[in-house]
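**Student:** Single-letter residue listing:
4 protein chains.
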Amino acid sequence: MDLDLAQKVLAEQPFSRLLGARVTAFGDGEATLELDIRQDLFQQYGFVHGGVVSYAADNTLTLAAATVVGPGLITSGFTIDYLRPATGEILRAHAQVVRAGRTRVVSRCDVSTVDADGQRTLCAVAQGNIAVIDAKN
Amino acid sequence: MDLDLAQKVLAEQPFSRLLGARVTAFGDGEATLELDIRQDLFQQYGFVHGGVVSYAADNTLTLAAATVVGPGLITSGFTIDYLRPATGEILRAHAQVVRAGRTRVVSRCDVSTVDADGQRTLCAVAQGNIAVIDAKN
Amino acid sequence: MDLDLAQKVLAEQPFSRLLGARVTAFGDGEATLELDIRQDLFQQYGFVHGGVVSYAADNTLTLAAATVVGPGLITSGFTIDYLRPATGEILRAHAQVVRAGRTRVVSRCDVSTVDADGQRTLCAVAQGNIAVIDAKN
Amino acid sequence: MDLDLAQKVLAEQPFSRLLGARVTAFGDGEATLELDIRQDLFQQYGFVHGGVVSYAADNTLTLAAATVVGPGLITSGFTIDYLRPATGEILRAHAQVVRAGRTRVVSRCDVSTVDADGQRTLCAVAQGNIAVIDAKN
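Protein sequences, first through last, are from chains A, B, C and D. Under my numbering, the first sequence has 32 at position 32, and the numbering climbs by one with no breaks. Under my numbering, the second sequence has 188 at position 51, and the numbering climbs by one with no breaks. Under my numbering, the third sequence has 395 at position 121, and the numbering climbs by one with no breaks. Under my numbering, the fourth sequence has 466 at position 55, and the numbering climbs by one with no breaks.
No wet-lab data here; the hints were simulated from the structure. Check before you lean on any hint, since a few could be wrong.
Partial chain A-side listing against chain D, Cβ under 8 Å, derived [said to hold, decoys possible]: (1) Leu-73; (2) Thr-79; (3) Asp-81; (4) Thr-87; (5) Arg-99; (6) Arg-102; (7) Val-106; (8) Val-132; (9) Ile-133.
According to the in silico footprint, chain A covers these stretches of chain D (three or more CB under 8 Å from chain A) [unchecked claim]: (10) 485-497; (11) 528-540.
Glycine is no exception: its CB is placed at the ideal position from the N, C-alpha and C atoms.
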């Protein structure tokens, strides 16, 4: 898999299209996903909804795993801790593989916002498990 | 807070409106949130995207907390384990408070799908922390 | 596996012997592990150390899985939330399987303390993943 | 707090003395805890018990927090993913603060083993929440 294929897979997810997500980096155990922050992704206080942040973490944890083991992956689960209200222009999730086994990959993810001046603010951290669903046993 | 107010708060979240979420039960340490499963909530395999399931868990964990401590809450973080592909007519998240402290509430959540025959299938479990942001210190 | 075998497996763990843990119930997707609270399991405030509580959660999550899929299991990971200081006579962890798949089991665990009057106090909740290491593929 | 005081606090934990843990680095948002691997910390397969690894993660996540906000901390909870069997001479946990708020700190931890040749192997990763219990409100 390369960036083009990763972007193509993402574009096949109707929910990722609904949120306007795009893959901006993909390779060597790392992946970055971004989406433009817009009003209909907000919660009631005018910040990006935690559900959008957790969507980004979930998808990027698994994208990072795909750089190592290819497609045929599914997120088993993850933990997310929100750190700050998410506000700005762009939501950017960056994940890195910690350990890629034969049937299971563990990744970590940082979710940040980027404001109009390009200033980045870390707003959540996640750690997750990805299952290799078509592992050749 | 009661069910009407909880539904009103949810309706003030643009992202919850985008997903079509509604509160269907609220009280005594428990809350239920539902949304109709529709094609633009899917991932590439035709199942509900994990990001939608985690959105439901996140919101419902905190709704359950609000039954005990009122509004002024924010999800600190949560863990989710996906159990089965989510497919059917309705996605239903049910959460229950485990422990409500003065500044922090811990809840658990079951996310199920309901098919056209009313058959319920558990598709994810979550456990989370909610911060009481306006705790009278 | 039955209770006797489960207790035998536990007794083969030097660390479980060091902590004085015993299996007190085992079957039908559920397991209970107990240990006597004693001074050298404490942290600096005179309560049971979180590491003892997390040991109990870890082991019991996997014991519950073993009631369904037998031995040959290993804890992949877990999340624990501490709820109250752990103090009393006995530390008791009770876990229940949520979903047993072919290669992965998800369980939940409640860790309580029991005081001299038999009064039970919930002090932590956990959710974990167990890998079936010798799954017949 | 400095390394001497951190080591003194650890020495006041009977359970940390039982496991033989020591603080080997402490400052600037980071902390390292080590213990000598010995037979009575094992599980039944001859590796360090997950409960020992999770003890090390728990304590080190909170030690890292203490470098930033001082004493008066308590671990709220954490997530741990085991990556490889833990074997060798020394178990070493290293944690780093991700975000220190007024009432809550989030840290991450890597737990490694070090063998007789000084070779380090990553065996678990954790992410946790620490409560500032005596926050001046």
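**Student:** Please flag the earlier hints that this structure goes against, numbers listed from lowest up.
**Tutor:** 1, 4, 6, 8, 9
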